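K.L.:
Here the protein sequences come in this chain order: A and B.
Residues 1 to 242 (our numbering) make up the first sequence, in order.
Residues 1 to 282 (our numbering) make up the second sequence, in order.
You may find that some hints are simply not true.
Claimed, not checked - Among the chain B residues that face chain A by a calculated CB cut under 10 Å, a handful are:
#1 176
#2 187
#3 188
#4 246
Source of the hints: derived by calculation from the structure; they are not laboratory data.
Just so you know, these numbers come straight off a predicted model, no measurement behind them.
For each residue, glycine too, the CB sits at the ideal point set by N, CA and C.
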Amino acid sequence: MIYCCESYLSLTGNPYLVGRPGGADELVKIFDEAGIQAAMTLISSADAATNRTVWEAMKKHPTRIFGMCLVNSRQGMKAAVDEFRMTVKDWGFTGLKHGAESDDLVAAADEMGIPVTIHTGGESWAPQTKTFYAKIEEMAIKYPKLPIIMEHMGYRYAVDLAIELAKKYPNLYLGTTIPPACEPIYVKKAVREVGAEKVVFGSNSPFALATLGVEGIRRLKLGKEDERLVFSGNFERIYRLK
Amino acid sequence: MVKRRDFLKSAAAVAGAGLLRPVSALASRIPPDDQAILDFETFLPQEFDGKPFGPEGLEALADEAGVGRFFVFPETTPRPDNPGLAKRIKSHPRLVGCASVNPALGGEAARELETSVKDLGFRGVRLSPTLHHYPLDAEIVLPVLAKARDLRVPVTLDGDSENAKPAQIAAVALKFPEVAFIMDMGFRAPVRPPEIEFGNEMREVVKKCPNLHLGLTALTACQPAYLMSTIWTGGPERVVFGSYAPSGIPLFAVKGLKWAGLDSRAEALIFRENLKKIYRLG
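Let's have the full structure, built from the sequences with the hints guiding it.
P.N.:
Laid out in structure tokens, this is it:
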């Protein structure tokens with residue numbers, strides 16, 4: 001069984017699909033090809049999809065697409081938090097994608113028991129990188145029971161920073177979106193240094209080739225139990241599937 | 001659909017013989033020399049995945065992907081060990097040795113390049129402004145580029161970092177029009193699909209610098225938008241195949257490029273013909 005901690009529901013015409021069709025059915029086809037049972041799924045900011053689009057997809061594919069809410073904080077924080085709460089309570093969303101820019105959304109996630117995913121691509125040369133990771137650390141300390149997934153695990157130039165934080169805080173996890181396809185050895189490093197129970201598979205479909213992401217993890221020969229944790233066990237625990 | 005998934009599962013199981021232990025039976029996939037894939041960028045560290053690593057490790061990864069010959073650089077340490085690389089690849093003709101130099105070390109970098117080409121028989125040079133922490137267009141780089149021009153060897157560059165932004169790459173490519181540059185597009189290639197208004201500075205750079213080529217590795221090839229944007233930006237005549245092995249998996253780079261569904265002419269250019277021309281291979 002494979003679960004993915006982050007995929008995108010993109011509409012046909014989204015430029016990043018480079019001419020390929022979008023939509024929920026296409027996304028599920030990608031999951032099928034890669035052997036992915038289900039994925040936390042959010043909208044891409046490069047097309048007109050909204051959280052409602054994800055909700056429609058969840059209704060159509062309830063065992064394959066799990067809603068991850070993305071709100072635009074430019075609508076005002078109160079409206080953003082209200083929208084997030086509504087997607088959880090009324091539509092059954094089970095995740096929040098967050099940019100670490102505001103505490104209000106994280107407080108709401110903590111209160112509702114909704115895991116938070118934060119993009120942590122990394123260029124360690126950029127001066128803001130350390131400040132950004134410091135914000136994640138503050139969040140992990142303030143909300144010790146809230147699972148926080150650092151997706152991309154700091155790849156490519158801040159993996160060490162992400163690993164250090166994941167080692168330090170039990171509620172911080174490393175999401176493997178993209179590294180297993182690009183450079184699988186980084187995932188091995190994470191498993192070796194932090195432990196397989198803190199590493200969660202992510203495919204970044206359809207913006208990365210999910211088949212290669214899955215193949216990348218398998219090539220690592222992590223051992224049956226560690227591979228199970230990365231592919232499904234941690235996801236099931238974080239998102240309380242069992 | 002189930003059949004396709006089952007196929008992929010078995011393919012993954014076959015390929016998953018381990019990062020360093022691809023299935024040797026797949027070696028027969030390497031076509032004859034003139035049809036074989038060429039890889040613009042691999043490295044030969046002393047250790048990989050916590051174990052000693054040698055040319056055989058790279059050859060095994062290449063075999064699995066159908067790569068015939070590959071350009072190999074020493075590990076990017078502060079003072080890359082070019083003589084050490086020459087010794088290690090001596091009896092491995094599929095590995096084409098290339099130097100790596102650090103201009104931050106001063107005049108020694110240009111001398112190191114000259115020795116590497118004249119004495120060690122190396123065919124190219126890599127500059128790594130990201131890991132060596134200098135701006136690509138800094139004065140210290142000029143003697144190395146002048147030496148590359150005099151020796152007529154191609155220069156491979158990082159291309160997705162703060163120290164090697166499109167404008168900096170354009171600056172050096174314009175200053176040395178006789179030098180062939182290969183820009184490693186990396187993980188976050190500075191290209192976007194045509195409809196996107198930002199992040200497309202490379203379009204102009206490629207137009208202005210006919211001596212600049214765009215290098216795809218496994219880091220780029222697994223991301224369709226960056227892969228296709230690189231090909232659209234450069235055109236197949238200006239794009240070369242690579243893997244970034246052993247960290248990047250050559251088989252993944254090949255699969256990514258095959259996913260693009262290019263015609264056979266474009267594939268031939270990207271997989272081998274452009275590199276043959278750049279390195280003046282027979």
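K.L.:
Is the interface hint satisfied for residue 246 of chain B? The criterion is a beta-carbon contact with chain A at less than 10 Å.
P.N.:
holds (8 Å)
K.L.:
Going by Cβ atoms only, is residue 176 of chain B closer than 10 Å to chain A?
P.N.:
violated (25 Å)
K.L.:
Quick one, is the residue 187 of chain B hint okay against chain A at 10 Å, beta carbons?
P.N.:
holds (5 Å)
K.L.:
Verify the interface restraint on residue 188 of chain B: the C-beta must sit less than 10 Å from at least one C-beta of chain A.
P.N.:
holds (7 Å)
The structure fails hint 1 only (numbered hints given earlier).
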